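Q: Those sequence lines, one after another, are chains A and B. Just so we're aligned: 42 in this note's numbering is position 41 of the first sequence, and the numbers increase by one with no gaps anywhere. Just so we're aligned: 110 in this note's numbering is position 109 of the second sequence, and the numbers increase by one with no gaps anywhere.
If you are wondering where the hints come from, they were derived from the structure by calculation, not from laboratory data. One or more hints might be untrue.
Same chains, same names: a pair is fine if it fits in one copy or spans any two.
Here are the simulated lysine to aspartate or glutamate pairs, DMTMM-like style, with alpha carbons at most 25 Å apart [as the list claims (entries may be wrong)]:
1) K141 x E82
2) K112 x E13
3) K119 x D4
4) K112 x E134
5) K45 x E102
6) K112 x D8
7) K141 x E102
8) K45 x D4
9) K45 x E123
10) K112 x D4
11) K112 x E3
Just so it is clear, the structure is predicted and the values come from calculations on it, not from any experiment.
There are 2 protein chains.
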Amino acid sequence: MEDELQDILHTEIPITRAMGIRVVQATSQSVTLSAPLQNNRNHKHTAFGGSLYSVAVLSGWGLLYLFLRERGISAHIVIQESRVFYSRPVTDVIIATCSLESAPAHERFLKAFVRNGKARMELSSRILQNGQEAVRFEGKYVIHR
Amino acid sequence: MEDELQDILHTEIPITRAMGIRVVQATSQSVTLSAPLQNNRNHKHTAFGGSLYSVAVLSGWGLLYLFLRERGISAHIVIQESRVFYSRPVTDVIIATCSLESAPAHERFLKAFVRNGKARMELSSRILQNGQEAVRFEGKYVIHR
Chain A
2 MEDELQDILH TEIPITRAMG IRVVQATSQS VTLSAPLQNN RNHKHTAFGG SLYSVAVLSG
62 WGLLYLFLRE RGISAHIVIQ ESRVFYSRPV TDVIIATCSL ESAPAHERFL KAFVRNGKAR
122 MELSSRILQN GQEAVRFEGK YVIHR
Chain B
2 MEDELQDILH TEIPITRAMG IRVVQATSQS VTLSAPLQNN RNHKHTAFGG SLYSVAVLSG
62 WGLLYLFLRE RGISAHIVIQ ESRVFYSRPV TDVIIATCSL ESAPAHERFL KAFVRNGKAR
122 MELSSRILQN GQEAVRFEGK YVIHR
């Protein structure tokens, strides 16, 4: 699924090519994306906050895409609202992971979509640096027909 | 000041060149940045949420940079935390504006920096689409020596 998701990202959101975003691992339970520091550095040779955000928001988008596809659901996925906390600078490759957590919430999400043609899911992504959290991202995504 | 800020952005954060970010207007009171939709589109031919975030966070960064420079202060400026609300899709050029609001808050900010070598300022940016708010960004920036 890694190659497929990477093709989708590079084709449908072209700036991801310039950012050098790659899909490290992708299942319908967890997605990990990477991006090289060089393409995304700032003036202090750490990762630019906007790039960190982009890699994080796309890890959630990719996870929702695969989660829905596994269930045969075709829907638009958009980010509605998000928060991001930068606790440490990222001085090496950016690696963001988003994983599904609560199964009951997913059932409610799918039921809402079937009933209303629209549903909302909250996902969080993390970027680690030397094993410690550097960035935490919390996003509210909306899917709709 | 527009050319100077644009050079700084393009040199120090190279992904801003791929995004096509331009400085439309820049003073120590207000900064407006733009980015073409084409470089920053998503699969629905609206602006990618990560690009919207990047243009917004940089409008605040640029404003703080000019605000400090006007006062002869050289400091590192980093984003610590932010929230972003997407209320409408952006279907044309991305234009983000960040303006200073409360003068008393700025005085406290400058005093804190002189005293502690570190200070925090909250700034908000807006992206309009046909005169209506499409994206609201709220960022907490930290400056330090």
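Q: Next step is simple, just say for each hint if it's right about the structure.
A: Hint check:
Proximity of K141 and E82 under a CA criterion of 25 Å is satisfied in both settings, with 5 Å inside one chain copy and 17 Å between copies. In this homomeric assembly, K112 and E13 never come within 25 Å of each other (Cα to Cα): the closest approach is 28 Å inside a single copy and 47 Å across copies. In this assembly of identical chains, K119 and D4 lie within 25 Å of each other by CA distance neither inside one copy nor across copies; the values are 28 Å within and 45 Å between. Proximity of K112 and E134 under a CA criterion of 25 Å is satisfied in neither setting, with 33 Å inside one chain copy and 31 Å between copies.
When the C-alpha separation of K45 and E102 is checked against a cutoff of 25 Å, the pair qualifies neither within a copy, at 35 Å, nor between copies, at 28 Å. Taking the shortest alpha-carbon separations for K112 and D8, neither the intra-copy value of 30 Å nor the inter-copy value of 50 Å comes in at or below 25 Å. Proximity of K141 to E102 under the C-alpha cut-off of 25 Å is restricted to the intra-copy arrangement: shortest distance 14 Å within a copy versus 29 Å between copies. In the homo-oligomer, the alpha carbons of K45 and D4 lie at most 25 Å apart only across protomers (21 Å), although the nearest pairing inside one protomer, at 32 Å, exceeds that limit.
Taking the shortest alpha-carbon separations for K45 and E123, only the inter-copy value of 22 Å comes in at or below 25 Å, while the best intra-copy value is 32 Å. For the identical chains of this complex, K112 and D4 are neighbours neither inside a copy (30 Å) nor across copies (52 Å), given an alpha-carbon limit of 25 Å. Proximity of K112 to E3 under the C-alpha cut-off of 25 Å is found in neither arrangement, the shortest distances being 28 Å within a copy and 51 Å between copies.
The structure fails hints 2, 3, 4, 5, 6, 10 and 11 (numbered hints given earlier, in ascending order).
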